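J.: Here the structure of chain Z is known, so what remains is to put chain D in place on it, guided by the hints.
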Amino acid sequence: MKLSGLVPRRLQGRALALGPVAAWYIVFFLIPLALMLRYSFAFTEQSRIQFVWTLDNYRQVFEDSIYLRLLVKSLRLSLTVTGITLLIGYPAAWAIARMPDRHKPKLLALLIVPWWASYIVRIFGMRMGFGNTGIINSTLKWLGLTDKPLEFFQYNFTAVALTEANLYLPLMIIPIYMSVERMDMRIVQAASSLGSGPIRTFFRVILPLSLPGVLTGCIFVFLPVTGTFIVPSLVGGPNDIVYGNLIASQFGESYNWPLGSALAIALLALLVVMLRVMTSLARWASGGVAQ
Amino acid sequence: MNLPKRLTSLARGLFLALVFLFLFAPSVVVVVFSFNESRFFSLPIKGYTFDWYREMIHRTPLIDATKNSFYIATLTVVVSVGLGSITGVIFNRWRANRIVKSMISSVIPMPLLLPGLIWGLALLILFSRFDVRLSIWTVLAAHVLLTLPLVILIISTRLQTLDPAVEEAALSLGATYPETLYRVVLPHIAPALLASGLMTFTISFNEFILSFFLTGGGFNTLPIYIYSLIRWEASPIINAIATVMLVFAGLLVLAMYWIEGARALRGISRQSGEGDPAEPGAPSAIQVTQGATS
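Keeping their order, the protein sequence lines are chains Z and D.
As numbered in my numbering, the first sequence has no gaps in its residue numbers, which increase by one up to the final residue, 291.
As numbered in my numbering, the second sequence has no gaps in its residue numbers, which increase by one up to the final residue, 294.
Next up, chain Z with everything else stripped away, as it sits in the complex (with noise of 0.2 Å):
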């Protein structure tokens, strides 16, 4: 048995501790939620919340198509932006790990520096340079490479996913460059030696070894970009607006906290379902393989 250290040895002393921590969690996380759940159920009649018990709700969701297909939309976006942060990312990380040690942890400092500035303000700066008269569209009218606004920078979805993109890069990077610099490069050097060639080697040596911090990126990535709603409404067009729109305006204009719940319920629902599979994953690529 090893020495324990600083913990009150009686239970009151600890439950004392901890008590007001597990109190906040589950006044201010735990039971909201739960009643979440319980007005899911319920149903708004001439905007007075009954509460019954209705499948009413959630009949709605999963039958009315425009419910479905934001969600579609909600997700395909956030795929979209994973893909993207991945696909700059996990070279952003790979190259930070390999310059000299003096260096890295200036380049993981400023690499949070942008985090550090006001969501809004990043997303307000990302709006400028979009749009028909935005800085993008109008320096290239100014140097005269276009006579007209170009389509692709418009207020539209591929705005959307590159402000998000923007938005949490770096929570790809930092949890990909964290597997990647603790990794042995001298298998790298052996599956060379031995004769595996560059992609070869990535697919079956490096890859498979930096698997667990490039999961953990993408759940970090994911899981708030499918909960977004300010972007599309600042970023995109009209038709741009995602399930988790559809969600605080059940709050806000429609006035359907009912119905808002549910369509909450779900997207938690399906979220918890993705993360359990994404930590599994990561465990089993973390067991699995580097090991």
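None of these hints come from the bench; they were simulated from the model.
These figures come from a predicted structure and were not determined experimentally.
Heads up, the beta-carbon is just placed ideally off N, CA and C, and yes, glycines get one too.
You may find that some hints are simply not true.
[To be verified] Using C-beta positions, here's what the derived DEER-type ranges look like:
1. Z/208 / D/176: 18 to 28 Å
2. D/233 / Z/142: 24 to 34 Å
3. Z/55 / D/183: 33 to 43 Å
4. D/235 / Z/54: 39 to 49 Å
5. Z/27 / D/106: 18 to 28 Å
6. D/160 / Z/204: 52 to 62 Å
7. D/54 / Z/252: 42 to 52 Å
8. Z/68 / D/70: 37 to 47 Å
T.: Here is chain D on its own, set in the frame of chain Z:
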């Protein structure tokens, strides 16, 4: 042999420069256009002016919103660092049942992982159900929950570098629990406390999504006020406000880097394989990157 090597390192540097350019572009654009004479965000820039800054300081709603954000952030630091550090200490030193511990450690980061949209609305339901008027206190409740996981993780990571035997020694030499906490543990975790305080302040000050639902119509926090400006009055005054915020954030990052950052970041490279495989790289990744939901 040497030339290709130098070429690849050049390509690597160039690629990284592009990545950082992409990351910093929005902030740079915001700053540059805060000095632009024209009301419109398009190039070429016609002339430079400080008008937007002058206009900014005469806006009462802006000043009120800033004050609110300041109060909330300060209170969040007090509550979150206070509660989180105690939990971090206990949690790190607690040799409980593995299953219990892994259950707790999977619940702790939940507020960071789940989209703020979902639990922000769940909180809104809670407050309306119990007729709690939306105020800085409702925002505070959410911000504490958002920052607690980070404080707990930072403190317990920091404690891993303190040998429990040191505390045992203090205890067996006659120090009481509070004395040991104060004289042994506290000095060791002090830099981590300061760092998590700074981080908590920044997160709360900039937090948008939860505040969006929990401020209601009666008052604003700074990010919410900026949002309403973007919505209803797209003027370079936003750029002026944002520039001040960026400078402020930059100073905080510098302070953070100076206190703990360099050590923590260097620590990442060293802690090879000692992490729990059940949570792939999670603690330190979260620790250095702030909440995914902010």
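J.: Each hint should be assessed against the structure and marked as holding or not.
T.: How the hints compare with the structure:
| no. | hint | in the structure |
| --- | --- | --- |
| 1 | Z/208 / D/176: 18 to 28 Å | 51 Å, violated |
| 2 | D/233 / Z/142: 24 to 34 Å | 26 Å, holds |
| 3 | Z/55 / D/183: 33 to 43 Å | 60 Å, violated |
| 4 | D/235 / Z/54: 39 to 49 Å | 48 Å, holds |
| 5 | Z/27 / D/106: 18 to 28 Å | 20 Å, holds |
| 6 | D/160 / Z/204: 52 to 62 Å | 34 Å, violated |
| 7 | D/54 / Z/252: 42 to 52 Å | 35 Å, violated |
| 8 | Z/68 / D/70: 37 to 47 Å | 43 Å, holds |
When the structure is compared with the earlier hints, violations turn up for hints 1, 3, 6, 7 and for no others.
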